[in-house]
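Chemist: Given next are the chains, with one letter for each unit.
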Amino acid sequence: MNPENPSWNKLVALARQARDDRPVTAPYGFATRVVARAMSGDIHSGVNLFERWSWRAVAIAGMFAAVSVAANYTSLTSPADDEFLSDEQAMAALFD
Amino acid sequence: MPLDESFDLAGCLERVRRRDQAAARELVDHLYPLVIRIVRARLPRRVPEEDLAQEIFLKMFSRFEQYQGAVPFSHWVSRIAVTTCIDHLRAQQRRPEFRMADLSENEANMLETITTNENAASPDEALEAHELVHKLLDQLKPEDRLVIQYLDLEQKTIAEISQLTGWNTSLVKVRAFRARRKLHKMFEELKRKERS
Numbered sequence: 001m002n003p004e005n006p007s008w009n010k011l012v013a014l015a016r017q018a019r020d021d022r023p024v025t026a027p028y029g030f031a032t033r034v035v036a037r038a039m040s041g042d043i044h045s046g047v048n049l050f051e052r053w054s055w056r057a058v059a060i061a062g063m064f065a066a067v068s069v070a071a072n073y074t075s076l077t078s079p080a081d082d083e084f085l086s087d088e089q090a091m092a093a094l095f096d
Numbered sequence: 001m002p003l004d005e006s007f008d009l010a011g012c013l014e015r016v017r018r019r020d021q022a023a024a025r026e027l028v029d030h031l032y033p034l035v036i037r038i039v040r041a042r043l044p045r046r047v048p049e050e051d052l053a054q055e056i057f058l059k060m061f062s063r064f065e066q067y068q069g070a071v072p073f074s075h076w077v078s079r080i081a082v083t084t085c086i087d088h089l090r091a092q093q094r095r096p097e098f099r100m101a102d103l104s105e106n107e108a109n110m111l112e113t114i115t116t117n118e119n120a121a122s123p124d125e126a127l128e129a130h131e132l133v134h135k136l137l138d139q140l141k142p143e144d145r146l147v148i149q150y151l152d153l154e155q156k157t158i159a160e161i162s163q164l165t166g167w168n169t170s171l172v173k174v175r176a177f178r179a180r181r182k183l184h185k186m187f188e189e190l191k192r193k194e195r196s
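So the sequence lines, in the order shown, correspond to chains F and L. Per this note's numbering, the very first residue in the first sequence carries number 1; after that it's consecutive. Per this note's numbering, the very first residue in the second sequence carries number 1; after that it's consecutive.
Bear in mind the hints are in silico, worked out from the structure with no lab data behind them. Do not take every clue at face value.
[Stated by the list, open to error] For lysine-lysine, the following BS3-like pairs were computed, each having C-alpha atoms within a straight-line distance of at most 27 Å:
1) Lys156/L x Lys141/L
2) Lys10/F x Lys191/L
3) Lys141/L x Lys193/L
4) Lys173/L x Lys135/L
5) Lys10/F x Lys182/L
6) Lys156/L x Lys185/L
7) Lys135/L x Lys182/L
8) Lys156/L x Lys182/L
9) Lys173/L x Lys156/L
10) Lys141/L x Lys191/L
11) Lys135/L x Lys10/F
12) Lys141/L x Lys182/L
13) Lys141/L x Lys185/L
14) Lys156/L x Lys10/F
15) Lys141/L x Lys10/F
16) Lys10/F x Lys193/L
17) Lys191/L x Lys135/L
18) Lys173/L x Lys193/L
19) Lys141/L x Lys173/L
20) Lys193/L x Lys182/L
21) Lys135/L x Lys185/L
22) Lys10/F x Lys185/L
23) Lys10/F x Lys173/L
Just chain F, same shape as in the assembly (with noise of 0.2 Å):
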């Protein structure tokens, strides 16, 4: 089912030789001060922050949105008709 591709096949059968000689193991210190930083807080503070923040924004959105249509309910439940101009009106209204 895979595209057959022997120069793919031929370079990363060679490139696989390639030794990496780097050392694995932690450099010096590193471990303390990953540690140091993921156990202050500061690694929780950004992400509670931002967590926080999008509940009160949630929050504060719906007292809005709750708000608007309690000020509003009368217009939303009285009929719409005589809002509304007719097409005759309209184009009146526009050469007037």
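Given chain F, work out where chain L should sit, using these hints.
Modeler: Just chain L, lined up with the frame of chain F:
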């Protein structure tokens, strides 16, 4: 080189949960070889490997409470490492087209040997081949590139890749197919340009 099997991972994780800093440092030292290999294999350009390793470990600690033990801890960490590398690779802009001019003289010669000669190139050229492979892989989507690296360079099975990435086996196969097709096209294009 596999991770140190004598390491008491379960005990260490338990101590880290209790916010034991010494245990957290031991955990970082234990997992560093795993993380740094993933980082080195997929290192985005212009990102120092230590910075990326640090970012991965910080993510690991910040999500520590989410680890439920459904997969081995090393797999869980390797998924964080892989997704972090993919995010960085996505952020860097890919070149719209791969050109012969992007290659060093040695790499161009290597490509010519590979595409025209029946004989394999010399093992002394392994490093150039490795560089060239990475330049070609840079042209793929980060997820497709990752699958090909695991399959062709690290010779992992589809099931292993699925475990390491968290993608199902069908998705891994689809990504491999798509990546191979793109590589095939790239080789054809390079051959055509070389002839003209």
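Chemist: Would you mind marking each hint as holding or not holding in the structure?
Modeler: Results of checking the hints against the structure:
1. Lys156/L x Lys141/L: holds, 19 Å
2. Lys10/F x Lys191/L: Holds: Lys10/F and Lys191/L sit about 15 Å apart, inside 27 Å.
3. Lys141/L x Lys193/L: holds, 23 Å
4. Lys173/L x Lys135/L: holds, 22 Å
5. Lys10/F x Lys182/L: holds, 17 Å
6. Lys156/L x Lys185/L: holds, 24 Å
7. Lys135/L x Lys182/L: holds, 14 Å
8. Lys156/L x Lys182/L: Distance ~20 Å between Lys156/L and Lys182/L Cα, so the pair holds.
9. Lys173/L x Lys156/L: holds, 13 Å
10. Lys141/L x Lys191/L: Holds: Lys141/L and Lys191/L sit about 22 Å apart, inside 27 Å.
11. Lys135/L x Lys10/F: holds, 16 Å
12. Lys141/L x Lys182/L: OK: Lys141/L and Lys182/L at ~10 Å, within 27 Å.
13. Lys141/L x Lys185/L: holds, 15 Å
14. Lys156/L x Lys10/F: holds, 18 Å
15. Lys141/L x Lys10/F: Distance ~22 Å between Lys141/L and Lys10/F Cα, so the pair holds.
16. Lys10/F x Lys193/L: Given pair Lys10/F, Lys193/L holds - Cα atoms ~20 Å apart, limit 27 Å.
17. Lys191/L x Lys135/L: holds, 16 Å
18. Lys173/L x Lys193/L: Since the Cα atoms of Lys173/L and Lys193/L sit roughly 30 Å apart, the hinted pair is violated (cutoff 27 Å).
19. Lys141/L x Lys173/L: holds, 15 Å
20. Lys193/L x Lys182/L: Holds, because 16 Å separates the two Cα atoms, which is no more than 27 Å.
21. Lys135/L x Lys185/L: holds, 15 Å
22. Lys10/F x Lys185/L: holds, 16 Å
23. Lys10/F x Lys173/L: holds, 21 Å
Violation of the numbered hints given earlier is confined to hint 18; every other hint is satisfied by the structure.
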